[in-house]
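Starting from the given sequences, assemble the full structure and let the hints guide the process.
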Amino acid sequence: MTVTDTEIQSRPDLRALFFGFSSVGLSGFGGVLPFARRMLVEERRWMTAEEFNAQLGLCQFLPGPNVINLAVVVGKRYCGLSGAIVAPVGLLAGPLVIVLLLALLYDSYGGLPLAQGMLRGIAAVGCGLLFAMAWRMGMALKDKPVFLPFTALTVTAIAFMRWPMPLVMVAGLILSGGLAYWRLGRK
Amino acid sequence: MIVVELFLEFALLSFVAFGGATALLPEMHRVVVENHHWLDETTFTHLYAIAQAAPGPNVLVVTLIGWKVAGLAGALAATLAMCLPMSVLIYLLIDRWEGFAGARWQQAISLGVAPLAVGLIFSGATLIAQSAELGWAAWLLVAATVFANLRSKLHPLWFIGVGAALGLLGWV
Chain A
1 MTVTDTEIQS
11 RPDLRALFFG
21 FSSVGLSGFG
31 GVLPFARRML
41 VEERRWMTAE
51 EFNAQLGLCQ
61 FLPGPNVINL
71 AVVVGKRYCG
81 LSGAIVAPVG
91 LLAGPLVIVL
101 LLALLYDSYG
111 GLPLAQGMLR
121 GIAAVGCGLL
131 FAMAWRMGMA
141 LKDKPVFLPF
151 TALTVTAIAF
161 MRWPMPLVMV
171 AGLILSGGLA
181 YWRLGRK
Chain B
1 MIVVELFLEF
11 ALLSFVAFGG
21 ATALLPEMHR
31 VVVENHHWLD
41 ETTFTHLYAI
51 AQAAPGPNVL
61 VVTLIGWKVA
71 GLAGALAATL
81 AMCLPMSVLI
91 YLLIDRWEGF
101 AGARWQQAIS
111 LGVAPLAVGL
121 IFSGATLIAQ
131 SAELGWAAWL
141 LVAATVFANL
151 RSKLHPLWFI
161 GVGAALGLLG
171 WV
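Going down the list, the sequences are from chains A and B. If you're matching positions, the first sequence starts at 1 in the UniProt record's numbering and goes up one per residue. If you're matching positions, the second sequence starts at 1 in the UniProt record's numbering and goes up one per residue.
In short, the hints are calculated from the structure, not lab data. Check the hints yourself; a few may be wrong.
When the alpha-carbon atoms are kept at most 30 Å apart in a straight line, the in silico DSS-like pairs for lysine-lysine are as follows [claimed, not checked]: (1) B:Lys-153 <-> A:Lys-142; (2) A:Lys-144 <-> B:Lys-153; (3) A:Lys-144 <-> A:Lys-187.
This is the structure in structure tokens:
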């Protein structure tokens, strides 16, 4: 079966939205955004790659879990308000049940030395994955000499000073965003 | 009531969650462990580990914290608090996005927030390391994970599996 970009794309109904996003939620480990892209653009062809990138813009611009925001956007686009509710619920329902079952297991067996050891090992790996993610994001920053100091300031304020994050983010955004605004005006 | 308090604390956090739930780890630790003493250090680390090993969006670590603090109601309240405010906002804003995408202030915020998000993720990593009280063997595992993750395209699940196995053997 060959499908071209010009062919009319399929419009999902509520059921398709729910199950489409369920499959995304259940297949991703450590971030499901790439899986969302694959489902939306490549497998089910609900949107083109360009549309996906354009819609992702606001989802990444706003705070909060990007992929939930994306589910709301896609749901609204095809089924209005009910779609905007059903898509994120589909995304979360399966993983939520799994994670709560794991929590029940943890409540019963979390005290066992074997479980404690296993969780320590996973936490160490998870910590490494976070450092790697920070490194990759840091390398992708534009104008590193200008903006990396703000990364250092954030780490100092959050990790060492333990200041409240809402305060740090507002102050940081005014300084760093203000500098970016000024630099954009000079170009 | 603890569920309401949890909801309000996390709803407030959702407004500064640039970089997603992962970027919130340090602040959730501050609120849940240090301020309210709802959880201890070890439990917090364990919940993070469980969320890592489970499928689904990163936001589920919030669900687990809610569960441990206030049971099923806590789990749902925390998850909803984290997702709802921005979902409503994005529902209202998406149709106007085309209008202000690319505007100077919009570019400035995107550029300005990126280095802060990197700092938040880095802080989260140091914080997990601290509360897990990693020994030298565990630090070796952390270093190996960073190196292997940056140099290869291996699925993260492989790393989690190795970590779980080494932990079961009592090596870290």
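key: Agreement of Lys-144 of chain A and Lys-153 of chain B with the hint, judged by alpha carbon distance not exceeding 30 Å   = holds (25 Å)
ask   = Quick one, are Lys-144 of chain A and Lys-187 of chain A close enough, alpha carbons at most 30 Å?
value = Judged against 30 Å, a Cα distance of about 17 Å means the pair holds.
query = Does Lys-142 of chain A lie within 30 Å of Lys-153 of chain B when you go C-alpha to C-alpha?
reply = holds (24 Å)
The structure meets every hint from the earlier list without exception.
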